[in-house]
Every structure is written in C-alpha cells, then in structure tokens.
Amino acid sequence: MNRIIQRVVKAIALTLAMLGLAVLGTAVTALPAAATTVPDVFVGATKVGGDTLQMNQTLYGGQYIQSNSGQFALLMQGDGNLVEYGPESNGWGGPRAVWSSGTWGQSGNRVVMQGDGNLVIYKPNNSAAWSSRTYNSGAVFLRLQDDGRIVLQRSDGLVAWQTGTWAHLASAYPFGSYQLRSGQQLNANQYLANDRYRLFLQADTNLILYGPGFHILWQSGNHAFNPGRICGGASNVRMVVNSQGSLELRAVYNPQATDSSGRVVCLSAIDQVWFSTPAAGAGSFAPLQTDGNFVLYTSGGSPVWATGTNGRV
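Residue numbering for the sequence shown is 1 to 313, as defined by the numbering used here.
What you were told as hints is all true, and nothing was included just to trick you.
Below, in silico cross-link-like pairs of lysine to aspartate or glutamate (DMTMM-like), each with a Cα-Cα straight-line distance of 25 Å or less:
{"hint": "1", "residue 1": "Lys47", "residue 2": "Asp146"}
{"hint": "2", "residue 1": "Lys47", "residue 2": "Asp195"}
{"hint": "3", "residue 1": "Lys47", "residue 2": "Asp291"}
{"hint": "4", "residue 1": "Lys47", "residue 2": "Asp147"}
Pair by pair, the computed Cβ-Cβ distance ranges are:
{"hint": "5", "residue 1": "Asp291", "residue 2": "Arg263", "range": "47 to 53 Å"}
{"hint": "6", "residue 1": "Gln272", "residue 2": "Met55", "range": "50 to 56 Å"}
{"hint": "7", "residue 1": "Asp259", "residue 2": "Gly301", "range": "47 to 53 Å"}
{"hint": "8", "residue 1": "Thr165", "residue 2": "Lys47", "range": "18 to 24 Å"}
For the record, the hints were derived by calculation from the structure and aren't laboratory data.
Virtual Cβ for every residue (Gly too), placed ideally from N, Cα, C.
Assemble the whole structure, with the sequences as input and the hints as a guide.
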C-alpha cells in the first residue's frame, strides 16, 4: 500500500512539473516588493547551443535550447518529458508549459533531431517513445522561434512540422547591451540581455529579471502602485543611472488621494517611482551578470546594490 501511495504522489509531482507549477515563496531584495520564486524545472539544467537543434544532435535529460529572445526554452526533463516553457498569456508571468510531448514518467529519455528529418524521443532501451512523424520530410533542423513555435525546417526554408504555439506578447526590444551606464536610459518594453538572462522594464513600471524560459527570478513589484493609487496610468517610464550614481525608476504620474470630504482627488504630477540606496557616485554602472545577478557598481568596481539572484536559474 505504501508503494502505491508513493507512486501516486510521484505522478502528481511530475504532472505539476510538466505544467510549470510549484509552491511560491519570496526572496529578499532592496526594492519595495520581494521577488517571487518560481518552479525549479531549470535548476541544474544546462543550456546547449543557441535556438536550434541541428541534424543528428541530441538533447539529454536536463539539457535545453532557448529562443534568441530568451522568452522560450525547450527542456528535455529528467522525467522523460520534452517540454517548452514560456510566459503566461499576460506577457510577463511564468514559466508555464506551452507544449509537451506527453512522455513524462520515462526517466532517461533523450530527443534526437535525426538525419532523416524525424524528431524522435527515445527511451533508454532505444525504443521510440514519441516522434514528429516527419520521416523523409527534408527537415534539417529544429528551431525554437521567438514567436513561441517549435519548427522543423527544411533546407529550402519550408516548414515540415510545427507546434502552432504562437505567443501573443507585449512588444519588447533589446537595449543592445547587458549593462546600464551613467547617463544611459532603459525605456519601457526594453530589456538588458546576456546569454541566459533578461532584465525587462514593463510599461507599468515593474522591473523583472527573467531566467531561461521566461523564469521570473526577481521583480520590483512597482506595477502594484497603479490600480486605485494613481489617476490614469504612468507615462514616460524609464530606468536611469542618475547623477548621484543610483538606479532610478522614473515615470510621470498623478498620485490619487482622498480629501477631507471623502472625495478622490488627483494630485500634481511627479516623476519618480523608486531609486536604489546607497548611491554609487559618478561613473557608476550596472551590469546584468552571467551568473544571473543585476549589480550596481562604483566606478572603481565595488558593488553597492544587487538583486541577489546570483546562481539562480
């Protein structure tokens, strides 16, 4: 009986992992709202190459490829399931399972982009657990596209197979660097990027640090001040390294208040949301590091503030 119960519990846990669900917690940050921890499906996983799986290339358990945008990841899970993770439909939450092969519960599986054009998941005994059924289709590689689709593409550019998992996300565009320096400005819907991580400034003033597969590692939570606290929305949203050497989130908005008669009134516009302390002084800079930490440094290279996300995925 105990063995049966253990198997049921394991099956439930594996299903939750496939769906990208886990218990939520918090992480300490210097911003007003604590970061939210997210499912640990990428903990210990290894990124392989870029956004493609080339002919005769294999993904083993715990390996993944990632879209160029960093918003999607295709992970060969240790439980035998091939799962694509991406953002929630609102464009910033996640990760959630966008697509899966449905082969969970078969530990030791691997997926191969075969030379015959077929994408196949093999069990440890080399029998096929799943395939795209594209044998002799002319497909030469798999690509995880920025629109969320997994595509098997032929050499002539035609698509032999796809998942049909288009994403409907708010527009986002790269800042063009992994760091913000004194005098530079990160605008709304823009992001800093390195090989694995993205630091994205939403139009609602929330600053979010993403790991693989749109995995939220940390967020400022500033979007919470909008509903019922300001008149209308925020405009001219941006983040700068100001003249004192602090990271500063700025937006023009009118705070909302209640007067002595109980009426809601709109106060004069202000142009600040949050700034980091202590200041780092002139010449400071803030890189999004390859270890996942976003750090503000003095001109001499001494850290004064950080998100505390180093080593997290």
